[in-house]
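Starting from the known structure of chain B, fit chain L onto it as the hints suggest.
Keeping their order, the protein sequence lines are chains B and L. Residue 294 in our numbering sits at position 294 of the first sequence, with consecutive numbering throughout. Residue 1021 in our numbering sits at position 21 of the second sequence, with consecutive numbering throughout.
Honestly, I wouldn't trust all of these hints.
[Stated by the list, open to error] Derived CB-CB ranges, DEER-like:
(1) B:Ala201 - L:Gly1437: 27 to 33 Å
(2) L:Arg1434 - B:Ala54: 54 to 60 Å
(3) B:Gln443 - L:Leu1066: 19 to 25 Å
(4) L:Gln1389 - B:Asn347: 16 to 22 Å
(5) L:Met1461 - B:Lys64: 32 to 38 Å
These aren't lab readings, by the way, just hints derived from the structure by calculation. No residue lacks a Cβ here, since even glycine has one placed at the ideal position from N, Cα and C.
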Amino acid sequence: MTDAVTSTAQRAAARPAPVAEPLAHKLAAQALSLAEQAAAQSDALSAWRQAALAQLAALPFPSKKTEQWKYTSLMALDAGHLTAQAPDQAPSQTLPEPLAPWRLVLINGRYHAELSQLPPQGVTLTRLDGSAEAPLEAPLSVAEDGLRTPFAWLNSAALQDGLLLTVADGVALDAPIEVLLLGSAEAASHCHTRLRLQLGAGSRATLIERYIGQGPVLTNAVTELVTGDNSDLVHYRLQAEAADTLHIGSLILVPGRDSRATSFQLMQGNALRRNDVRVLMAHSGASASLNGIFVGRGNTHTDNQICIEHRVPHAVSDQLFKGMAGDKARLVFNGRIHIFAGAKGTNAELSNKNLLLSPGAEVDTKPELEIYNDDVKCSHGTTCGQLDAQALFYLRSRGIAEPEAKRMLAFGFVNELLAALPDAAVAEWARPWLESALTEAAQA
Amino acid sequence: MTSQAELDKLIRGDYAAGFISAIESDTLPPGLNEDVIRFISGKKGEPEWLLAWRLEAYKKWLAMPLPTWAHLDHPPLDFDEVSYYSAPKSMADRPQSLDEVDPELLRTYEKLGIPLHEQEMLAGVAVDAVFDSVSVGTTFKAKLLEAGVIFCSISEAVHEYPELIKPYLGSVVPQGDNFYAALNSAVFSDGSFVYIPKGVRCPMELSTYFRINEAKTGQFERTLIVADEGSYVSYLEGCTAPMRDENQLHAAVVELVALPGAQIKYSTVQNWYPGDENGKGGIYNFVTKRGVAHENSKISWTQVETGSAITWKYPSVILRGDNAVGEFYSVALTRHMQQADTGTKMIHLGKNTTSTIISKGISAGRSSNTYRGLVRISPRAENARNFTQCDSLLLGDTCGAHTFPYIESRNPSAMIEHEATTSKVSDDQLFLCRNRGIDPEKAVSMIVNGFCKEVFKELPMEFAVEAGKLLEVSLEGAVG
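Here chain L stands alone, though its shape is the one from the complex:
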């Protein structure tokens, strides 16, 4: 068995992506009022209807109480200490190609291991890289356009494809849906827009990397993906942020629309700064993700959550059409003082709808890891089917693992199964590995990887590698 000191060192594992790049930013002073929203909207040259939409959201947000139901404990947030707009200064004139992009910015990506130039050649992945709030460079656009796929920043889409934005923006997550979604609707900075035309299988996996870079800047992403009838798209979202002490607020909204027969696969690897071992700093991550699945369509969420001081995130599927399929695969890892309250909602409205929920929670240090889910079967949802499995792994006796699944069935023909287990790393498995000369860290890493395998196999290749690496860094020494 390794010494306690070694274990501690491994658990503490410094944040590898923690650096700050010095780029001048055009940032608003902290605070929020209608003028700030007008400023954001004006800066982007948005049409009048969108400004009105934002202001309506703001009014709703003002009247909403701060939600307190989650199993999270954090100091009260002061929304007037957050700056609501930040754009890299050199972005005033949009660069037409990567050559025009601030070299400092490109170096930042290189440090993160995602050099755009190389990405272009690698694995056919198009990258819509978001640096703070403005889209910096979009690759493979031409190739995608050839297939008829639209993949651009949402600000761009507002100008170029208003006929697609107008009916769908807020159709899945309305302005007043919840506190953080309302805030996002009022001040959203940028994000991605994807449209896959009828019957098109998107020729490559779409990917966006986010970075939060400006101290005390909230990042309010808004992503909208519309998959038209019979189309298919796989979308990858990955994040990492520099190390700093201020708590950074992040309130994103992701809306997915799967029209009849469409398939959307949305994968996330989230590795934002989780704060240090005493809970100082770290990102506060309040995300609303939801998809509407029409007849015969499928929406699949896969997430690997290892970062953020606070994670508040429930990717959901509304199974509106008959035979729709919803899936949720999640690995959530917390350590130090991290707190995660995450899970999913599967709302079965159509007949023969099926949903699968696989959630793996791993807690170490003094962290708290909560699965919170809802499976609701409406009276119309004949023959609906749900299977849920939530497993928790505890590493150490100072962390917590919790499960709060809500199950509501109003149709007798529906079949719902839910099971959850909580345990530590099995001594038997550990013994077996050590027996064969595998050192304890490696053994735990193997066991934890096995524990998460069901979820990892759902990830696209590029992500599966990153996810495995992420777990390795933070976990393997946590057995005592």
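Chain B on its own, in the form it takes in the complex:
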């Protein structure tokens, strides 16, 4: 027997060279060229752009084989969204009624002061457009430990405009601040939106992020929320863009010591929707509550990736997400709870419930626990099913037509979340929004 040929040598010879996925390769090149162009500018944001560019260049671009992108294909971006920038234009449509007395408007990522009502005293608005004289504190999206997704790096690397809202210590706002983000274009293009809210110690604020728009525009959004000690934050992320838009959003939340943060995400599926949410429980006594309603319609795709990291002792988090998928829609949910070794006394819970409303719909969900400490209480639960046949029969036997009965039951499914919305203006907006979202989802 010859033992000259070993399997290691043969394996090396037989294994095909790793084939870069053509799409990922192409998109990565587009993203890099975009970032490189932007990074060539020299202004107050240069340092951020350079740092982000370096990260972007080093990070592998997501492909079908990337675990976090297992269920989401970037095929929709093949139309060249990353090669053209959405025009900076005045809105072609009348803006919807504001949900709050103070509203800031961004169109395709650009701030429009003429359409905005400035927030009151105690809140400072800084534009992140490179005009600042003093260098700005690096945002979390650029920090090593912040948002670590390629699209967040791309956003930072190509940053042209954005808003920084700072609420001073001890200021309690009695009404919400709304940021309206309109994305619209005729041809495949992209825009980057950037929003950062900093709450001072002992302050209280409500932020409404509201995304609207239509056309084949990719909104690559980054939102950073950093709250001070003993502060209160209520945050809404309302995503009501038309079905032909694309949205890739990254959100990071860092609650301060003994602070309370509550977030509601209401979204409709569109051509491509991907949300990466990262919550860092880095201060003891903090509590974070994340809630969401997702409605998939038509042929849309909605992918939510939520990661909560408990790094310090005695912080609490809970999550409740409900998804409904109609027609041929696909809902993807990944909820990750990561408890670090030192995080004693952590309580963390996650619940994800899904309804499939039609035979062509698909739900892929993965609640994850990664725990390195025994003194914790963690749980997650997820369900997937359809509307209760008995309940449906009951309603129909009372003379309620099937579509109406289904709509009622779907409302009932998410009602606990609707009822929990703390602001009346948002709650009033949410009901008709859900109504029309469900109507669209029911259409086959």
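Chain L alone, transformed into the frame defined by chain B:
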């Protein structure tokens, strides 16, 4: 509360089955190439088609990258340091009865508490004992044959029942299924073959004990169980291995075929050497287990995993036929530096298929215990039903417990429920027990046993006892 020293002593609990029996072996030098495969095949006098099948698997394996997705951390494996064939020397002429078996070998079994002669009389269990790679003695064969049940080593089956082996070998786990399954397909040494004819209820529980005995020898078992229409079989697999420092590679494949109306119950107690408290030594266990369930059939996996330095194991069921049932009950215990990444896959293809997953993970020391599962509902699987519960118990603040369940639903009439919890041993329960004069170790042992009860009750009697004992040895002192 006990002192830390006592607790440590209990956690360390030396490996009771750690001894090495000195038997000369006919072992190949380490390394793998086509000649090695030809040698293995030639040694067994295999037919040409099987050699071709092995070589095809080897070619596929060569082109496959090493999987890295599991939540495991181990030094890279060198497949050229593993010896791929080892047979006890005295086996050159197959012994026709136990009397012909090397007495040293029999003593080994006795040390393990499974003397074959006694087993024959005990509880009607037939034992197909595998010592390293060659079947040593098979008991109760005649009795089983009377019922028409075939229970023999797979090498024997290749010669005697090629008409049964050919269509089913690789039908559930194809050669190129995954890295370790491909490796197994190329070099599998031996294993068990079971065939239950139509409508037969196997008259006894079938059992195989494995031992890995030759240092640096990979053990590549291949098990194939075919339950014909309307039949029933319960199969037990239990393992223990001598203590040693070299990492031993184990890549087994188990294939189950449940034809319409058949039931297969497959139980495992795995207690291979887990390595010492610093993670030195221990078995690397990469196993592919899968069953195909046809109409109205049922496949049930029950496993108690306490051994191995690395466990990579996902017993799965493909619910192909309508009304098929899949079950997975698992207790996985890790301590010292053990790492387990285990779980199941339930692939629902047929209508009205149901699956149940109960997984209990217990981690202590500096170990890492991961549940990884997949529940997939295909668009055709009307009214499919799944229930999953994964609970983790952490003993100490240096271990990890993780849960990664994948749930994919493409049929609205399917109902899927998944829940997972992670906690430590409840102080209240502990207090209650101590209140009644139960010492802490005993109390923890009771609580952990209660935690695992749902799984233990699925085990056949003989195994339930062994499983309870295994947990007791490794766990009870771990409360601090």
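### Query
For which of the previously enumerated hints does the structure constitute a violation, in increasing order of number?
Hints 1, 3, 5 contradicted; others consistent.
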